[in-house]
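Protein chains: 2
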Amino acid sequence: MKIYRANIIYTPSPKQLEIIEHGYIVVRSNGLIEGVYRELPENMDWRNQVIDFGDRLLIPAFNDLHVHAPQYRNMGLALDLELLPWLNTYTFPEEMKYRDADYARRMYRRFVHELWMQGTMRSAVFGTIHYEATRILADLFLQAGMGAYIGIVGMNRNSPEGLQNTTEEVIEGLKMLKGHLEEHGKSGLVQPIITPRFVPSCSDKMLRALGEFAQETGLPVQSHLSENRSEIDWVKQLEPEATCYGDAYNKYGLFGQTPTLMAHCCYTDGEEMELMRKNGVYVVHCPMSNSNLSSGMAPIRKFLNAGIHVALGTDVSAGHNMSMLRVMQYAIQVSKLNYAQTRGEMPFLTLSEVFYLATKAGGSFFGKVGSFEAGYEFDALLIDDSYLNYDNYSLEQRLERYIYLGDDRDIKRRYCRGEEINEPAC
Amino acid sequence: MKIYRANIIYTPSPKQLEIIEHGYIVVRSNGLIEGVYRELPENMDWRNQVIDFGDRLLIPAFNDLHVHAPQYRNMGLALDLELLPWLNTYTFPEEMKYRDADYARRMYRRFVHELWMQGTMRSAVFGTIHYEATRILADLFLQAGMGAYIGIVGMNRNSPEGLQNTTEEVIEGLKMLKGHLEEHGKSGLVQPIITPRFVPSCSDKMLRALGEFAQETGLPVQSHLSENRSEIDWVKQLEPEATCYGDAYNKYGLFGQTPTLMAHCCYTDGEEMELMRKNGVYVVHCPMSNSNLSSGMAPIRKFLNAGIHVALGTDVSAGHNMSMLRVMQYAIQVSKLNYAQTRGEMPFLTLSEVFYLATKAGGSFFGKVGSFEAGYEFDALLIDDSYLNYDNYSLEQRLERYIYLGDDRDIKRRYCRGEEINEPAC
Numbered sequence: 067m068k069i070y071r072a073n074i075i076y077t078p079s080p081k082q083l084e085i086i087e088h089g090y091i092v093v094r095s096n097g098l099i100e101g102v103y104r105e106l107p108e109n110m111d112w113r114n115q116v117i118d119f120g121d122r123l124l125i126p127a128f129n130d131l132h133v134h135a136p137q138y139r140n141m142g143l144a145l146d147l148e149l150l151p152w153l154n155t156y157t158f159p160e161e162m163k164y165r166d167a168d169y170a171r172r173m174y175r176r177f178v179h180e181l182w183m184q185g186t187m188r189s190a191v192f193g194t195i196h197y198e199a200t201r202i203l204a205d206l207f208l209q210a211g212m213g214a215y216i217g218i219v220g221m222n223r224n225s226p227e228g229l230q231n232t233t234e235e236v237i238e239g240l241k242m243l244k245g246h247l248e249e250h251g252k253s254g255l256v257q258p259i260i261t262p263r264f265v266p267s268c269s270d271k272m273l274r275a276l277g278e279f280a281q282e283t284g285l286p287v288q289s290h291l292s293e294n295r296s297e298i299d300w301v302k303q304l305e306p307e308a309t310c311y312g313d314a315y316n317k318y319g320l321f322g323q324t325p326t327l328m329a330h331c332c333y334t335d336g337e338e339m340e341l342m343r344k345n346g347v348y349v350v351h352c353p354m355s356n357s358n359l360s361s362g363m364a365p366i367r368k369f370l371n372a373g374i375h376v377a378l379g380t381d382v383s384a385g386h387n388m389s390m391l392r393v394m395q396y397a398i399q400v401s402k403l404n405y406a407q408t409r410g411e412m413p414f415l416t417l418s419e420v421f422y423l424a425t426k427a428g429g430s431f432f433g434k435v436g437s438f439e440a441g442y443e444f445d446a447l448l449i450d451d452s453y454l455n456y457d458n459y460s461l462e463q464r465l466e467r468y469i470y471l472g473d474d475r476d477i478k479r480r481y482c483r484g485e486e487i488n489e490p491a492c
Numbered sequence: 067m068k069i070y071r072a073n074i075i076y077t078p079s080p081k082q083l084e085i086i087e088h089g090y091i092v093v094r095s096n097g098l099i100e101g102v103y104r105e106l107p108e109n110m111d112w113r114n115q116v117i118d119f120g121d122r123l124l125i126p127a128f129n130d131l132h133v134h135a136p137q138y139r140n141m142g143l144a145l146d147l148e149l150l151p152w153l154n155t156y157t158f159p160e161e162m163k164y165r166d167a168d169y170a171r172r173m174y175r176r177f178v179h180e181l182w183m184q185g186t187m188r189s190a191v192f193g194t195i196h197y198e199a200t201r202i203l204a205d206l207f208l209q210a211g212m213g214a215y216i217g218i219v220g221m222n223r224n225s226p227e228g229l230q231n232t233t234e235e236v237i238e239g240l241k242m243l244k245g246h247l248e249e250h251g252k253s254g255l256v257q258p259i260i261t262p263r264f265v266p267s268c269s270d271k272m273l274r275a276l277g278e279f280a281q282e283t284g285l286p287v288q289s290h291l292s293e294n295r296s297e298i299d300w301v302k303q304l305e306p307e308a309t310c311y312g313d314a315y316n317k318y319g320l321f322g323q324t325p326t327l328m329a330h331c332c333y334t335d336g337e338e339m340e341l342m343r344k345n346g347v348y349v350v351h352c353p354m355s356n357s358n359l360s361s362g363m364a365p366i367r368k369f370l371n372a373g374i375h376v377a378l379g380t381d382v383s384a385g386h387n388m389s390m391l392r393v394m395q396y397a398i399q400v401s402k403l404n405y406a407q408t409r410g411e412m413p414f415l416t417l418s419e420v421f422y423l424a425t426k427a428g429g430s431f432f433g434k435v436g437s438f439e440a441g442y443e444f445d446a447l448l449i450d451d452s453y454l455n456y457d458n459y460s461l462e463q464r465l466e467r468y469i470y471l472g473d474d475r476d477i478k479r480r481y482c483r484g485e486e487i488n489e490p491a492c
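As given, the protein sequences belong to chains A and B, one line each in that order. Counting from 67, one number per residue, gives the positions in the first sequence under our numbering. Counting from 67, one number per residue, gives the positions in the second sequence under our numbering.
No false leads were slipped in.
Given that identical chains are not distinguished, each listed pair holds provided it fits within a single copy or across any two copies.
Mimicking DMTMM-like on lysine to aspartate or glutamate, the simulated pairs with C-alpha atoms at most 20 Å apart in a straight line are: (1) K81 <-> D146; (2) K317 <-> E340; (3) K368 <-> D146; (4) K241 <-> E278; (5) K478 <-> D118.
Because the hints were derived from the structure by calculation, they are not lab data.
Bound-form chain A, shown alone (with noise of 0.2 Å):
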């Protein structure tokens, strides 16, 4: 049992910012929480347990629910390009670099002390084709003690030669991976996930072959979906048979047949949004990116009135950053400038709706993850925020400074799982 003094602040619910001045939170030994208190409960013998951290914050740690860790070492480079010809000219050639074991490991162990530094406690991870390569990023990982989902990236079409894979080798990898995680991470804090890269990247048999996999084993899938206007029409010319970009992952089960993250969705609409609702596919949304790719403006707002599960990612490369601070400032900016197009139509997205999605929503997808509230999992940061609190702030108006203006030397402490995390080797 662990009991933490603070400003606690985190979002039950998108529009409801829970602030508790000088709170506890209460950690039992299993790292869930027990509870949030205002006072400590006068019968209980946990007074003299209570680690305080005075004036500072206490907030869910971070989510990043879509990031390329092989295109770390482009991050912040090569963004005068869309998509498609981005693909082939930088992201490729460097992914192909993950075939040299020394080389994974040299970058991955600072992909990973990158999320750490960042206050990322869990995130849904593409690998390369490469099985060693991704395993040695699971492992580093499991020795960090953070959350994820890995992913060996499928691909078999359309991509170079060297950076691809067979129908076989990917489910081969997949259940190596499985197995070793199985063996060595006992305590599921990292999963496998199936990775089809994108349906331009898949043949129909290797699309298949994963939704089977998925089906089998119940592991959740990731991809991307409708980023931009030409990749779009490309799929329409691919999979002419399919209704739509969604429905070419839907008709193989990889859809929210299991849980399902699709990254982007610029131009999701219609029966694609309605298929989405229904199964329960997650929409990653990586405004950054989306920005430095030219690819668009994702209509958030709408898919939450439909009542689409929503998450953030930094889509790092094409993310050219991994702050969720920063993701969570470009999706109200986006949504703004998408209110100001559509002159109010659709309303922006507020700071605690952006919070939400940066800790709960996003959290969701690992289980009870990125709350507060009573059986979820400690993930938490502890802030400083001192030197942006030189006048008479409010605490909701700290957080909003925080998320604004702050960056990761504000970051004193980060827990996952109820466990300080601590600095990872680079």
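Place chain B on chain A using the hints.
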């Protein structure tokens, strides 16, 4: 004479990124640049004077051409409204506090310190209606040794009681500020600028008097233009005889008759655009602000194609961050969202172009500032990007990564007009 050795990067023109690996820059004792050299001329007695910065980057310092000093406390706050309600709800009440000189001193010290921290060596600054507070601000710039145009804001209509001045007061204040700066700021690094808030805040009488004062003194002018749709509609009602918003300034001699900055211009087109071009009025593009207040996306490519001067501004506190790195990022990204919306009609801005806007284009308002060409004032930042430079990145890539991923931590030295600028008290 001083000679610095470093990796020197600057943009003589928007598409020309000059990169001199381990080059030399020679700065005369008057603060002007003698030249940039790949090798020091043999016959010069300079070799023993070289200050060697090793593998660091040396770039022109940043210029923020639109920032509101008295909104510093609200930075990163209160971004849930559009322009007009935002002004009334958050901004005007904050600006009223600056009748208190102690409050002004306390906040303005932080503001000037933050400019320094972010590497912004020149800025065009809105103060408030208050002479004393604005003089304090000017003195802080003088003490710091950083360049600025500083305006006492004129506003005498549609503004709350307690935040209005008369035409006589604003002219008198400007005269006093001018006298004060002529007496105490002999170098001319800090100058007054005529600052009608915007058309809705200023009666015809005030605009006319300010225009006449501009002609008399030759002082430059700064204001706001065509920021959002409601504001533009309002100006139409207030100034029915003006042929466009810009014409409401122009007819009073406040639109390029002396050097003029107009912030925003999100909806500037047609006649207004032509008037800006003809009169040499600067567009100050504030994409961070335009996103935060749901204002819109200024058509910067169109302005550049038309040969209009464009500079960049943070517009704090409608912009939530004083880093010009962030403004550069947003300028590219907003241009890319524009590109996506117009289906590629307007090519987006490139890295070299926004770097040019943040340095030489903005600097041109201050004279020969913002480049490392011979005869330019030596305004520079020394950047240590070693933590980002862990693989074989080219110097161009290192600049790109610094712009996308860097922050104030990376700036190791700052120079303005040849002098190293030390950290101001805060």
